[in-house]
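Participant: Chain by chain, the residues run as shown.
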Amino acid sequence: MAAKPRIATVSLAGCFGCHMSLLDLDERILKLAELVEFDRSPINDYKDFRARCAVGVVEGGCCTEENVHVLERFRKQCDLLVSIGECAISGGIPAMRNNIPLRECLEEAYLKSPGVYNPGGVIPNDPEIPLLLHRLYPCHEVVKIDLFIPGCPPPADAIWDALVSLLAGRPAAPAYDRLKYD
Amino acid sequence: MKRALAKITGEICKKFGNDPTRMMDIAMAVQERFGCVSPEAMDEIARAVNSHRVEVESLVTFYGFLSVKPQGKVVIRLCRDIIDWMKGYESVADAMSRELGVSMGETTPDGAITLTHAPCIGMSDQAPAALVNEVVVTHLTPERGRQLVRDLRRHLDPQQLVTMVGDGNNDHPLVRSMVRNNIRMRGPVHFADFEPGSGLRRALTLKPMDVIREIKESRLRGRGGAGFPAGLKWEMAANAPGGKRYVICNADEGEPGTFKDRVLLTECTGQLLEGMAIAGYAVGSDTGIIYLRGEYRYLLPYLESVIEERLRRGFLGRDILGKKGFRFDVRVQMGAGAYICGEETALISSCEGLPGVPKNRPPFPPQQGYLGCPTIVNNVETLCCVSRILLEGAAWFASMGSPRTTGTKVLSICGDCRKPGVYEVPFGISARELIEMSEAENTGTMLIGGPCRQMIGSERFGGRICYDDLATGGAILIFNRARNKLEIAEHYLDFFIEESCGHCTPCRVGLILLKKAVHKVIEGAGEPSDLAEMRDLSNFIIRMSRCGLGQAAPNPVLGALEIFGDLSAGFVAERKPGLLPEFDLSKAVIDAEMRVGRQSKIV
Amino acid sequence: MKTVTFTIDGKIVRADKGQTILKAAEAAGIYIPRLCACKDLVPHGSCRVCSVRVNGRIQASCVQTAAEGAIVESETDELREYRRNIIDMLFVEGNHFCMFCEKSGFCELQALAYRFGITAPKYRLLYPKRDIDLSHPEVYLDHNRCILCGRCVRASQDLDRKNVFQFVERGCRKRLQVNGEALSDTDLRAADQAVSACPVGALMRKRVGYAVPVGRRPYDEVPIGRDIEKKGEE
Ligand SMILES: Cc1cc2nc3c(=O)[nH]c(=O)nc-3n(C[C@H](O)[C@H](O)[C@H](O)COP(=O)(O)O)c2cc1C
Ligand code: SF4
Ligand code: SF4
Ligand code: SF4
Ligand code: FES
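Chains as they are written, first to last, in this note's numbering: chain S, 1 to 182; chain R, 1001 to 1603; chain P, 2001 to 2234.
Calculated from the structure, these hints are not laboratory results. Do not take every clue at face value.
[What the hints assert, rightly or not] Once the Cα atoms are required to be at most 25 Å apart in a straight line, the calculated DSS-like pairs of lysine-lysine come out as:
1. Lys1516/R to Lys2129/P
2. Lys144/S to Lys1587/R
3. Lys2122/P to Lys1515/R
4. Lys1576/R to Lys2122/P
5. Lys1587/R to Lys2122/P
6. Lys144/S to Lys1515/R
7. Lys76/S to Lys1069/R
8. Lys76/S to Lys2122/P
9. Lys1601/R to Lys47/S
10. Lys1515/R to Lys2129/P
11. Lys112/S to Lys2122/P
12. Lys1601/R to Lys76/S
13. Lys31/S to Lys47/S
14. Lys2129/P to Lys1069/R
15. Lys2122/P to Lys1516/R
16. Lys2162/P to Lys144/S
[Said to hold, decoys possible] One-sided and incomplete, this derived list gives chain S residues near chain P with beta-carbon spacing under 7 Å:
17. Ile89
18. Ser90
19. Asn98
20. Asn99
21. Asp146
22. Phe148
23. Cys152
24. Asp177
25. Leu179
26. Tyr181
Think of the CB as a built atom: it goes at the ideal place given N, C-alpha and C, for glycine as much as any other residue.
With the hints as extra help, turn the sequences into a complete structure.
Facilitator: So this is what it looks like as structure tokens:
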């Protein structure tokens, strides 16, 4: 038997909702596990790649320098890269800050918004915290992306259809009722 | 203060009969009086003309020369066309902005002087140039710019900046402008002597129908760019059902690099008005309108004086030249800084007191134009030709030029050449001959007809100026080999983005996306697929846009791509997998680095 | 009344003289996508989604009248791509976050994107900075989602006999403006035709959103335009 294609997944500036939808495949997740070998992914908690992958699935856009770094690594380690969900594709909720200067965003989050208790007026700046980009970038504005599965999150069926057709080497357009932006 | 504003605004509206179709004039008069059309003034206007505040706001915010926010007593508009860039716009702008202590688009704290820029103001043969209120200053240098600011600070009177007047009628007491005509070649149609009334007299011996036939036989095609047969247009209007008819002269001349109508308006004013009256007689119209671009406001008093004089001499008004029942009057409608108003249906909208948004067609203006009446819109030069054709005959006119494009063409040549200016040449002349005539050297690229037409490289310099080959409304821009064609294209995309009316999606959004694509290649981040994308996007915009602006705006890009061969190597390349070349991480984190005072670890 | 006969993609279509190609097509059961055109409103000719080739020339079918013998092409690869480009452009021009838009599932822009099978923006997102007008007690205006179709402008003028909206500025700065400083200055009512005319989630009634569950909204299962096409199949 030929080695199973390897698949990696990651959540960048997303809410893990797309990963939840992936788990929502229910019993088909077992079938998927028969078809593919999971490499780096929050599902198995592998923190880095063990081998080159056939498919990389990316949830969320790039909000920080670390997101960019990870996405670049995915691009280099995977033959095909899939943007999954609105955040990866068009920025989603995290992109609502895109026309607000970074400074205002930080002040709003850490100093001004209702409920904030921050007597020292400190905006966190630990060297371990990755720097924020001036705006959120959808994944395809940072690296080349091969396939998009929209939705917030995409219906499990849409993910299933897309992955199966991709693994079969014939990426197909989504069925009408599985194409959703919400 | 508020009461005074209401009172004066009310009086201005009354002067124009509280007529909402005269909203342009009303808004301009209010702006002139108060330096802006404030929300309060908009409320007053809306009340007086029985319209709505948002309609007034729609008009005021559309035009470059109108403003809701207060502007300085004196507004300096530096011309920022590409020709001005080539002749030193940047250093002049910098000098003036330093001297004033404000940046572009700002007003001095005392509210005296505003410094801003304008698209081509029709002075490309004497660039860099600027409008100071309506006064034109030309051949600017950083030093002259600084001096100009110092002088203005002293007297705040733009007219006093004119110390030397130009040639021809530019020194007429009602013009007194430093603008020069720079007529380098005088042809038989426009620059030969013309006895006032002579063409009109001949026309009135004919039946209106026969005047149209004469124009058809001359095979005169519109000089504004599109080249539509003038006789045919007139016939359509003459035959269209309806009572009142209008003749409109398109003196909006906004195409960057075009300034020939300015010279015709200055030197052939009588011949133009005569052509309008002949057109009126032919199509059965008693009213003419000259739509004069706001940039040429300095010519208004002179134009009006020529109209007056012709009224006195019986060339306009009632019973013209004794012809019982033939009446023709002309008024001037000022524009207010919008290139799109050169498009004939946008021009009509503007004359109707609306934003300069083109109209849906059909109906076409000869069927239903100004205020719903049959209307012909003709270019200044077309109407000047008409007078000469009636005087000399159709056969005489048709004997000049190339077989399918008869007569002569007035060209405005500018750019990298030693003799920029106005040339009246027979149609059929080659681009190469123009290069020689204007003493251009090392020519790499020409924009024939301005950015809305075509960009050509040396392999097409043998092409001929006529409607079957190199069509032009009059602009000839010459660029030497050192100029970057893609940068020229990008510059004009900025122009079209600024001047689009914004009505339709392909033009409003498509041009911005096209500009981003071009910029990406200029920045060196392009891939071969980007060139194909630029071409696709250009074709999409050209085919899907509603009016001639969008349908023409990508032309410089397509031209640059066609003659791109020599440049492409340096600009586009296949990329290795990884970050996209247009994604610049160091730029994306610079804000954060400044906020937190540490460097990115991965840039 | 005189009629004219012409063809759309080879199919013979009859139209009343003076009728637009879009309306004649619709009566014949042929759906031509559209956004700024709306029943009972004078055509606007601005979105250009309804473009067809008429005797070889691209024209907006909502303004172009049907002419005797005209050959109209609508469902060609070229026009499909161009229409799709427009939808893509309208998405990137504004800020469309469908996941929390109350219009989602009812929105004509979104529905067209579904019909065209768009999975990702073709162009760079522009993320413009735009305002939301919440001043009115019954209605809000979210400029982030306005596609400048002018349906509210015309409905307010011609159907409601008010003049609540108009466009201001030009080019890429063009935007919808209300007759006053804010929506609450105007005589707009929630029941006005202007509000229901908006094809997207820009002009919305307050406090009535999310009433229909996902799966049962108009465009969840059935593509926009199917109702018209069904008539043609009968
Ligand atoms: C964007 C645009 C700008 C135009 N500007 C002018 C102009 O400044 N002057 C002009 O005469 N025609 C201009 N035209 C052409 C006019 O629409 C119209 O064709 C012309 O005035 C007709 O006159 P003619 O037949 O005598 O040329 C422009 C067209 C477009 C699409
Ligand atoms: S093509 Fe441009 S200028 Fe013409 S109507 Fe469309 S948006 Fe306006
Ligand atoms: S208006 Fe339509 S396309 Fe825009 S966010 Fe709302 S549902 Fe989505
Ligand atoms: S608010 Fe709605 S109806 Fe009005 S122009 Fe915007 S999108 Fe069109
Ligand atoms: S529907 Fe025809 S242009 Fe919008």
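Participant: For a C-alpha distance cap of 25 Å, please report whether Lys144/S and Lys1587/R respect it.
Facilitator: holds (19 Å)
Participant: Assess, step by step, whether the Cα of Lys1601/R is no farther than 25 Å from the Cα of Lys76/S, and give holds or violated.
Facilitator: holds (19 Å)
Participant: Below or equal to 25 Å on CA atoms is what counts here, so check Lys76/S against Lys2122/P.
Facilitator: Judged against 25 Å, a Cα distance of about 23 Å means the pair holds.
Participant: Minimum Cβ distance from Asp177/S to chain P below 7 Å?
Facilitator: holds (5 Å)
Participant: Does the structure keep Lys2122/P and Lys1516/R at a Cα separation of 25 Å or less?
Facilitator: holds (13 Å)
Participant: Against chain P, run the beta carbon of Asn98/S and see if the smallest gap drops under 7 Å.
Facilitator: holds (4 Å)
Participant: Holds or violated: Lys2122/P and Lys1515/R, Cα atoms, limit 25 Å.
Facilitator: holds (15 Å)
Participant: Within a Cα-Cα threshold of 25 Å, do Lys1515/R and Lys2129/P meet the stated pairing?
Facilitator: Given that 25 Å is the threshold and the Cα spacing comes to 19 Å, the pair holds.
Participant: Sort out whether Lys144/S lies within 25 Å of Lys2162/P, counting only the CA atoms.
Facilitator: violated (50 Å)
Participant: Tell me if the interface restraint on Phe148/S is satisfied: Cβ within less than 7 Å of some Cβ in chain P.
Facilitator: Hint on Phe148/S: holds, closest Cβ of chain P at ~4 Å, below 7 Å.
Participant: Given the proposed pairing of Lys1576/R with Lys2122/P, does the C-alpha separation stay at or below 25 Å?
Facilitator: holds (22 Å)
Participant: Does Lys31/S pair with Lys47/S here, judged by a C-alpha cut-off of 25 Å?
Facilitator: holds (24 Å)
Going through the hint list in order, the structure does not satisfy hints 7, 11, 16, 21.
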